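Chains as they are written, first to last, in full-length UniProt numbering: chain A, 1 to 828; chain B, 1 to 191.
It is possible that part of the hints are untrue.
What the hints assert, rightly or not - Heads up, simulated DSS-like pairs for lysine-lysine below, C-alpha to C-alpha not over 30 Å straight-line: (1) 561/A x 136/B; (2) 85/B x 419/A; (3) 537/A x 304/A.
Please keep in mind that the hints were generated in silico from the structure rather than gathered at the bench. If you're wondering where the values come from, they're calculated on a predicted model, not measured in any experiment.
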Amino acid sequence: MAFLQQFALLLALLIVFSTSCKAAALEVDSVEVGHNYSSKSTATEDTSTSTNNSTDGQAPSSITTLPIVIWKWHHVETPYLVALWILTCWLCKLVCELNHNVTSVIPESGLLIILGFILGGIVWGADKAQTFKLIPVNFFYYLLPQIVLDASYCMPNKLFFSNLGAILIHAVIGTCWNAGTVGVALWACYEGGAMGTLNIGPLQFLLFGALMSAVDPVAVIGVFEEVHVNEVLYILVFGESLLNDGVTVVLYNVFDAFVSLGGPKINAAEMIKGIVSFFVVSFGGSFLGVVFAVLISMLTRITKNVQVIEAGFIIVLGYLSYLTAEMLSLSAILSITFCGVCCQKYINANMDEKSVITLRYTLKMMANGSETMIFVFLGVSAIDKTIWVWNTGFILLTLFFVVAFRFMGVFFLNWVLNKSRLIPIDIMDQFVMGYGGLRGAVAYGLAAILDEKKIPEKNLMLGTTLIVVYFTVILQGISMKPLVQWLKVKKATQSDLTLNGKMNNRAFEHILTAMEDICGRMGDNWWTRHWKHFDEKYVCWLLMKSDAREHNDPIFGAFHKLNLEDASKYITEGERKGSLAFIRNYDSASVDFKKKLALEYADIMPNIMADISEYDFGIDNVPVNSVMKNTIPSVSLDIHEQDRNRSMPNDLSAHHILDQHLYKSRRDVRTNPDEMQEIFQRTMRSRLESFKSAKMGVNPAKKLSKHPKKDSTHKPNGKPADPHRTHPFGDEDFEFSADSASSSEIAGHFPRRSTNAPGAGVDNPAFIPEMDTSPPIAQGRLPWTPTNLRRLAPLRMSTHSTDSFAMADASVDDEVPEEKPGTHHTKL
Amino acid sequence: MGSTSSTLLKIPNVEVLMQETGFSPAHMIRLHDRFKALDKEGRGHLCPQDFGAIKELAMNPIGDRIIGAFFCPGKETVDFHTFVKILAHFRPVDKNRPKEPNSPEPINSRSNKLRFAFQLYDQDKDGKISRDELLKVLQAMLGMQVTEEQLESIADRTIQEADLDRDDAISFEEFRKVSPEILHSRCFIKV
Chain A
1 MAFLQQFALL LALLIVFSTS CKAAALEVDS VEVGHNYSSK STATEDTSTS
51 TNNSTDGQAP SSITTLPIVI WKWHHVETPY LVALWILTCW LCKLVCELNH
101 NVTSVIPESG LLIILGFILG GIVWGADKAQ TFKLIPVNFF YYLLPQIVLD
151 ASYCMPNKLF FSNLGAILIH AVIGTCWNAG TVGVALWACY EGGAMGTLNI
201 GPLQFLLFGA LMSAVDPVAV IGVFEEVHVN EVLYILVFGE SLLNDGVTVV
251 LYNVFDAFVS LGGPKINAAE MIKGIVSFFV VSFGGSFLGV VFAVLISMLT
301 RITKNVQVIE AGFIIVLGYL SYLTAEMLSL SAILSITFCG VCCQKYINAN
351 MDEKSVITLR YTLKMMANGS ETMIFVFLGV SAIDKTIWVW NTGFILLTLF
401 FVVAFRFMGV FFLNWVLNKS RLIPIDIMDQ FVMGYGGLRG AVAYGLAAIL
451 DEKKIPEKNL MLGTTLIVVY FTVILQGISM KPLVQWLKVK KATQSDLTLN
501 GKMNNRAFEH ILTAMEDICG RMGDNWWTRH WKHFDEKYVC WLLMKSDARE
551 HNDPIFGAFH KLNLEDASKY ITEGERKGSL AFIRNYDSAS VDFKKKLALE
601 YADIMPNIMA DISEYDFGID NVPVNSVMKN TIPSVSLDIH EQDRNRSMPN
651 DLSAHHILDQ HLYKSRRDVR TNPDEMQEIF QRTMRSRLES FKSAKMGVNP
701 AKKLSKHPKK DSTHKPNGKP ADPHRTHPFG DEDFEFSADS ASSSEIAGHF
751 PRRSTNAPGA GVDNPAFIPE MDTSPPIAQG RLPWTPTNLR RLAPLRMSTH
801 STDSFAMADA SVDDEVPEEK PGTHHTKL
Chain B
1 MGSTSSTLLK IPNVEVLMQE TGFSPAHMIR LHDRFKALDK EGRGHLCPQD
51 FGAIKELAMN PIGDRIIGAF FCPGKETVDF HTFVKILAHF RPVDKNRPKE
101 PNSPEPINSR SNKLRFAFQL YDQDKDGKIS RDELLKVLQA MLGMQVTEEQ
151 LESIADRTIQ EADLDRDDAI SFEEFRKVSP EILHSRCFIK V
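Looking at chain A on its own, in the form it has when it is part of the complex (with noise of 0.2 Å):
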């Protein structure tokens, strides 16, 4: 149903600005009108034989009467053009995403460009002329920037910088290789007779292998995102089809220069020119995008009172970069590739965590939302009579050679590369780069900015390209899956972040060095450690402010990412259960605590679960969560992210995490505390009583416990000073009772473990184990007796330590837990 309003919907658009074109021609007895305003046009363009529009200029006839309301469509007709095109293409990606068991088989791009067809289809029936294709200015300047942008923001550095050697190498020589063989063997097939009589030369045949060459990021990115294939496959062919551009720009330049200056002109010093015109392109692109990179950084120290703002700045000035790079003909796509590499971790440390957000979503929305756009016009620009040139043995031989030549392009660089890498490159894994070398939009754009003077055969060539383009994304695109599943080709690994891994790889960082340096040998880990060594020294003191350099640290950022995720979680199941309550039986007191004192307090909240069986670890989606993850696809490198949200049983370690409370890292302590304090005491106090009652023949008083927070100025944590109160459960919550000495004596933390008694002083007194009492808990098992209470305990913000309950129920401390909480665990 849903399906037949979408496309009712699309219809009804495309009829409409059909007509819309439609009355435009007979508004005016035209003049013809060259272009649209290029500054906003996007994907539409007036072709010149067909429909015009009213200009500006032409002053309206007189009127008669005052007319109330007045037809005023060539005022706005670009932007509504535009506007309607980017509604349609949308359009057709929600429709495309509609039926999940279609987009698993045919990927989404493939799916856009046939709704492209469709669409193309109704406006030729229309208009009897394509009048909106894919121009290669909107979409070498409109749409394909931001998708560059996004992909390198989100580029995983680490893996892209230890790998970088195999993807230069495939970058520069594969596309080089490609380029030259397919040209040189598509002449000589021309030279062979196989291609009929065709007005070109083999100059022209190279360019053709030139453009025909690069391997396109949108396309990689549109199949590969929903094949999880391992990351260092994904940024072999991702990062190549990034860094290509380089040589790409510089094949086409040079070759179209040398179709132009014609044959006998070129000699040994027009080669050279090209060959130093490579190392200008692309090393002035790059070092153009480490400028900007630099740029942003170093703005986005200053920028802390502008927040609202402060994530447009890095989409202009990634933007600038663009075509700042275009100006002085150097490789765009390099230079934004590496403005976005190289600028990341700064301004992600150096911006607010809203911000990064919003850029993040932005860039995502913007690249997702170009990436759509392209593939539906490279759909519609095929329904166009008028490029069409067929010539089967040239479309033929050149499917063929582009494939072969990659494929064996990719085996020989790969046998050459493994020679000299730590970690061999597969043979399935090469056969899927191979395979995945896809040509896109880009290849179309090149083509369909050549010049038919120089070269007559230009639709032949244009039309080619389109046949190579549908091929790989669709045919190939609908194959990778299966492909990838056939071979056995390793998937990405999902490995969850925990703070074990990432201590682990640190220590394996320096572990590692430091065999390196006890063999005396220079290997991967010597530049690592350098580059760390001059990154932290100087870089970060240039382009970091001086708080976010002292938060730098990996592990403390997954700390604190770690913890967030919990919170997030927590009111997300809160929400579910219609309140905090993780027990139903303590509802209100969580409920009132929260609502009082708004979100930032939730973590404080006590979450004692009755009723395990109560826990549905269903597999909802968690959406607070997913804001903090990526969940959006495409463009994104972390491709797998979305499935990992998916299911929620894996995250029974966070529920395990969940269940103690949550440490919120000190610089989020900003309220008044003792405000704070009074309300949650007066609250809790008079919850208590009435659990009391109830609960009287269940459980034993539950130990809401609150835990000071870890605060400078908080009191140490000594011993309990009642001694009723060193009972196995709920240590914690007697030691705000206890003294309130000055903070200074953090560091008499009594030894948690001999006594069980909780490091109050420590931030999350909530993880430490239970003692002898308590059975253990496998994760994602929640305590529900009040043994475990006192790891539910909340943090509190005051340094003052008062436990309403604790102290109401000082008399019922002493039972012991009826049961071991062990034998209640449903299985989850």
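Put chain B on the given structure of chain A with help from the hints.
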């Protein structure tokens, strides 16, 4: 490089070593040369000061622990045999090694690497990483940038992630379970 075979013969027990560790003859020679270079006084074994002489190692946050790992408990010297065996932990994995059913796990298996790391954390060698030990390691690796309390909470959380039997310490089994696949590039060095 000189004649390989003659240099090779100078190394005692070289056959056994190569068998155990899987190093190739070229590697063995390189390592032997390095050993001799480190062993400035030509005693035939290394002591902690020899390791300390390596400048970069001094800058390593856990450098002293790593040095300590070379020395068996109680012994003050490292001979070539031990030297090579420890370095063998980080040799790249041979994919084509035949899997004999009863042969001991190769030294550079993932499990042994993890054990090596575990031993670095576990200074008192009681088979468990206690909270204090973890704290010390974290302090060494992170100390400059993170405050004391944050370190402690990180340590707490780390234990809590791993600690399945609730004894507030991480045993090797728990450590292994919770350590995800170590990034490939992090496991190997080129010898």
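Verification of the hints:
1. For the suggested pair residue 561/A and residue 136/B, the alpha carbons sit about 23 Å apart, so the restraint of at most 30 Å is met.
2. In summary, the hint linking residue 85/B to residue 419/A is supported, as the alpha carbons are separated by about 25 Å, within the 30 Å threshold.
3. Using a Cα cut-off of 30 Å, the hinted pair residue 537/A and residue 304/A holds, with the two alpha carbons roughly 23 Å apart.
Checked against the numbered hints given earlier, this structure breaks none of them.
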